[in-house]
Amino acid sequence: MTRRPLDRRTFLRGCGASLALPLLDGMQTQGVAAGKENSPPTRAAFFYIPNGVVQSTWHPTETGHNFKLSPTLEPLAPVREKITLLSKLDRIKVVGTDGHAQASTCWLSSAAPDELSPAGYPLKTTIDQIIAAETGKHTAFRSLELSCNPYEDNKESVYFDNISWYGHGHVARSLRDPRAVFDRMFTVKNHQAYASVLDLVKDDAKSLNHQLGQLDKQKLDEYLYSVRTVEQQIQRVQKRHTEIDKMNLQPPTQPWQAMTRDEFIQVMGDLMILALRTDMTRVATLMTAPERWGTPLKVDGVFDSPIQHHGWTHNQGNEKVRKDLERLDRFHVEQYAQLVAKMDAIPEGEGTLLDNMIFTLGGGLSSGALHIYTDLPTVIAGSGGGRIAMNQQLKSTEGTPIANLWLSMAQLMGVKRDRIADSTGELQGLLA
Amino acid sequence: MTRLPYLLASLLVLLSSFVVLGDEPSGNEPSKDQSAQNTASKRIDYHAVRGRQAITTSTGLYEGELHLKLQGKSRPQPMQQFGPHWSGDAHMLWDGLVNEKLITHFDVEKSGRYRLSIQLTKAPDYGLFSAHLNEKEIAEAIDLYAPRVELAKLFTIKEITLQAGKQDLVFTLTGGNEKARKYRGTGYLMGLDFIKLVDLDPPKKIELASNQPEKSQPELPLNQTQVHFEKMQPLLSKYCYRCHSGDDPEGELDLKQFASTADLLANIETTQKIALALQKREMPPEDEKQLPELQHKQLTSQFNTVVDQYLQSTHTLEPVVMRRLNRYEYNNAVRDLLKLKGDVYPLPEKVIRAARPYFDPATGQLPAAILLGNRTIGKNQIEKKILTGVSPFAIDLQAEHGFNNRGEELSVSPILLESFLKLGTSIVNSPEFDGYSELTETLFKTPADKSFDQQVEIAEQRLREFLETAFRSRVEESTLQRYVNFFAFELKRTDDFSQSMKNVVSGVLASPRFLYLMEQVPKTEKEYTKATPYELATRLSFFLWSSIPDEELLRLAKSGELSKPEVLEAQIRRMLEDPRSQALSENFARQWLRLDQLITAVPDFERFEIYYSRLGCEQWKFGMQMMVEPLLLFESIMVEDRSIMLLVDSNYSYRSDELQAWYMNQEQFKKRTNRGRFNVFQQSYRKQKLDTRRQGGVITSAAMLTMTSGPLRTQPITRGAWVLTVIFNQPPPPPPDVVPEIEADDAVIEAQGFTLRERLEQHKVNQSCASCHAKIDPLGFALENYDAIGRWRDTYQSGLEIDASGQLFGEDKFTDIIGLKDAILDHPEWFMKAFSEHLLSYSLGRELEVEDKPAVDRILRNVMADDGQFSTVVMQIATSHPFLHKSKQTKHPSKQSKDN
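As you go down the protein sequences, you meet chains V and U in turn. Take 29 as the starting number for the first sequence in this note's numbering and just add one per residue. Take -15 as the starting number for the second sequence in this note's numbering and just add one per residue.
The shape of chain V in the complex, shown without the other chains (with noise of 0.2 angstroms):
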């Protein structure tokens, strides 16, 4: 095997030479002059891996200040002054439905075990939404989704392919094109184009109301909520024209289809930087990959052959397969770092855009052997604006539901809410 050094201060690779950092660091965000008390708005971000992880190498040993780092953490090194590494934190599965599929549609849901959808899963409007209906207040765009998915068969179904839903039934699909990301952030003339037929269409769905069945209206209201996003979007990005237009951003060139595993990924986070750090919107997710999909994937400098990622966590009381299943989790926590170091090198109010932000790197699985729901893997960039106490390991007491550390961030993101899923309160220890 050969391993391509990671080049770690690459930023926006392939968006071309004209988006270096200092035109970054010169840069005004509106989040600053709109601020109340003048300080940088905090933003949330998760980053997504799917099938689990070995568990053996993943958790850290020691709690609290004194954690030692896991081999698979190690990448984490260079920044571990600024993350939280949480454990014991559990989802309770429910029967009935996959337990992939379950794991990335149901890992940010606001459901509780019992609250079942009709397609049998416990989900509801999921907890990046939640956050974005609070902050979406003030931004061009309530939220991004964004997914390096790289399978162009159609496999699984919806379910195994998001962790973000409006609510149930209303994906909150996401983007897999960079190209498509940058246009719809900062093409303004994309938006324009369009503006004068969306009251048309509005007009149109509000007439059809009265002459839908129930089922019918939940469907229009998911179009009716797009019309409104969408008009808002449109009213807030021409606000900012004259701003992105100075920015003179060039939109990545190469296709993502050519790009390397890390450079997918890698691009695909610049873009969500970029998005955080220009204030476009406040709430971000990335999905390294869906669930299970049983289809070989590349990762170029890491392997020398297609892997079978769902295939070996099965298979993982083989040695050799185990140590390729380390590698690559150690793969994806090399990403996780590389984004959290460039959002540390960006300079923001008195310290770095990760000072701003809540960073969350997580999966619906813990170990992917056997399904597992229990002690999922979740580590926090960020101290949220100073809010969160890092450097640290904070081992919950057994049987904490996952969802106590989604109401901690949704009230540090300005949700007014005392119980989220199956919440029984805010998360113990994880505030500064």
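Since the hints were made in silico from the structure, they are not lab data. For clarity, every value in this text was computed on a predicted model and none was experimentally measured. Note that CB positions come from ideal geometry on N, CA and C, so glycine has one too. Treat the hints with caution; some may be incorrect.
[Unchecked claim] Just so you have them, the derived chain U footprint on chain V, three or more residues with Cβ under 8 angstroms:
hint : region
1    : 119 to 127
2    : 180 to 192
3    : 198 to 212
4    : 222 to 230
5    : 246 to 252
6    : 329 to 342
Take the given structure of chain V and dock chain U to it, following the hints.
Quick look at chain U alone, frame taken from chain V:
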């Protein structure tokens, strides 16, 4: 378990066909062996079913470049540059030295007298030939010299007697005209445009099957007993309560909660599950006390009867949720609405990329040879730009055991709405649009009268009609005015009629009235009502064409005539004869077979190098050619209205020469190097007669066998699950959390002296695994004679014996794949039912539920009576109760508990 209620109920029907029901055991039941023999001898040849006779017989035109076998130096040559006179714009080109021969052959289906014509090409460097047909000289000297490239005079033999089968045709180069130029200084060329045969004793046209008198319908067993809860309770108490009651009952099922028949009816989903577990003899488990045979039958029958009672008393209909068009439907709908010359954007969903149109059901015959670019070699077709600036939205994923047309999974997110807005605008404003749309000369045409008021009035007239087509319904005055006002606003702004109309259309294309299939809620107390004629027209057109209704359907909807059974039936037949019905292949069959999965199959490059071919600097997957084969079989069944049982076992298939060589493992093919092994531009797929039942049908297609395999070995369980899901519509439950570890490479397993089968069997962890795998595994093991890329093998690589034997659903024993096919043919109701269910679910855009069972039973009876004729399946579905009715959309009673 919320995903499977319908499937559970439907299994009851299947199983009840071999479980005797009722209070009294039947005394004169034939023994299992006898009945098996009876069915085997009675088995009909499904190839004889053919509802649509060919209008042009297959003994017609044989294009040199397409139908005739290319051998040696023969190759196709496009001829457009020389003029429009060549049939198919191409001929077969050959070159050689004097005394060398062009050898080819063609097939004749029936012995008899024919008129034979041969069309050759003349050119300055073409030679002098003699011709032999079946070793008999038919021409002594044909001089193909001409000073320029042109067609030769048609060579005709007025009458010749041919025997059915292969006809050898040989042209020998005997020399050249003295004026002729030598090709490359050494030899001469020859061009063969076509051979034409006219049958001098044509068969009389046979009456269409639809006119035949109705056949008697075989009755499916029904449970006709009364329910006596007092008889059930002691049995439950004795055999079930020990585990299924108390504080922590097994499987969270407390049977003591049922104290009466009413309790069972109130928990119908649980009742079904119990009935099924009993029927499949999953309960009581093997290591528990077993019910005596008679009591077992009684108890099973009682539970089944409760289910039947529920079905008789219920008047609910599972609602269809309003659904957004998926990407394929959107393309078709826009194409038909704006009368475009072709697609809106390139669609990867279209697996078959034909060089020219070939799908025409009205001819009653899928052509014997079809020129295609396939998934790999048709790459240019899929990447070609159609309308500048127009790009498709993301594909919608299939439901877990269904299709990508279900309302609850098709939502409109802000991103998607942006896509629709962008699409609408970019389509009408693309530089190629004018002329690509036939409406340029009508809807968009600027009227002569330029006054503002006049223009708005004309726009209103035109929009009235256009909106009815776009929205598939009567257009209310208020809706019309909304669009007319928008037009007036745009006209004021732009002072350009055509542009203003385009802006209106871009709005129409993003309106929910266009984007959703929606139906009005009935204003009645009844749980369901008939779909209105407009709604019916829309259901039909999206079912059969994946598009909007055409003018004729709308006219019949407007007049209300569509609701008349005979009109409806005639329309269904008309729609099936329209080339637009190819949507059933492109959209339904592709998803039903889950063919997309072949795209990312990666057989190990070193072990299966033959799967790949190097062209230039790129490594192509040769195996992508496989994707076309099952779809063309499906299309031949559609066009010729044959029996769907051919999908299980057919004696013909459509293959390119290379694909044929692949199956036959031919030396000629093996010798070709990896480099440049296949024709990049196009392939001709010919109807090939199969001489072994190891091939034919979809189960043994290389596509299925490859896409269900891993890189280094077959995956019998994946294959078995595919067969269960696709062929029997009994998708196995999700795999358990404990999945045993099996080596990914069969060479490693065999090195330990085990076959893959033995290895898998060592790993059945416990009883709960065994009960599912008893159903899945035999179906996969039966296919072990096919390697990971679908080629037949007699033994494993290491020489170990292959054991392909097994039992189908614990009943029919078989020793190999042919035995499995026989078992499926012997119970045609299994596949006919599964196929009908898949297609019904597709047609409705929803999952089937227990309430659909009576409709499915009815469809199945009629399909069986017609031996699975394709048009019968479609006709039965499109006239079934759930297809003709809509629900009030009060929530499904059995689901209420979950929605609190």
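Hint check results:
{"no.": "1", "hint": "119 to 127", "in the structure": "holds (count 5)"}
{"no.": "2", "hint": "180 to 192", "in the structure": "holds (count 9)"}
{"no.": "3", "hint": "198 to 212", "in the structure": "holds (count 7)"}
{"no.": "4", "hint": "222 to 230", "in the structure": "holds (count 6)"}
{"no.": "5", "hint": "246 to 252", "in the structure": "holds (count 4)"}
{"no.": "6", "hint": "329 to 342", "in the structure": "holds (count 5)"}
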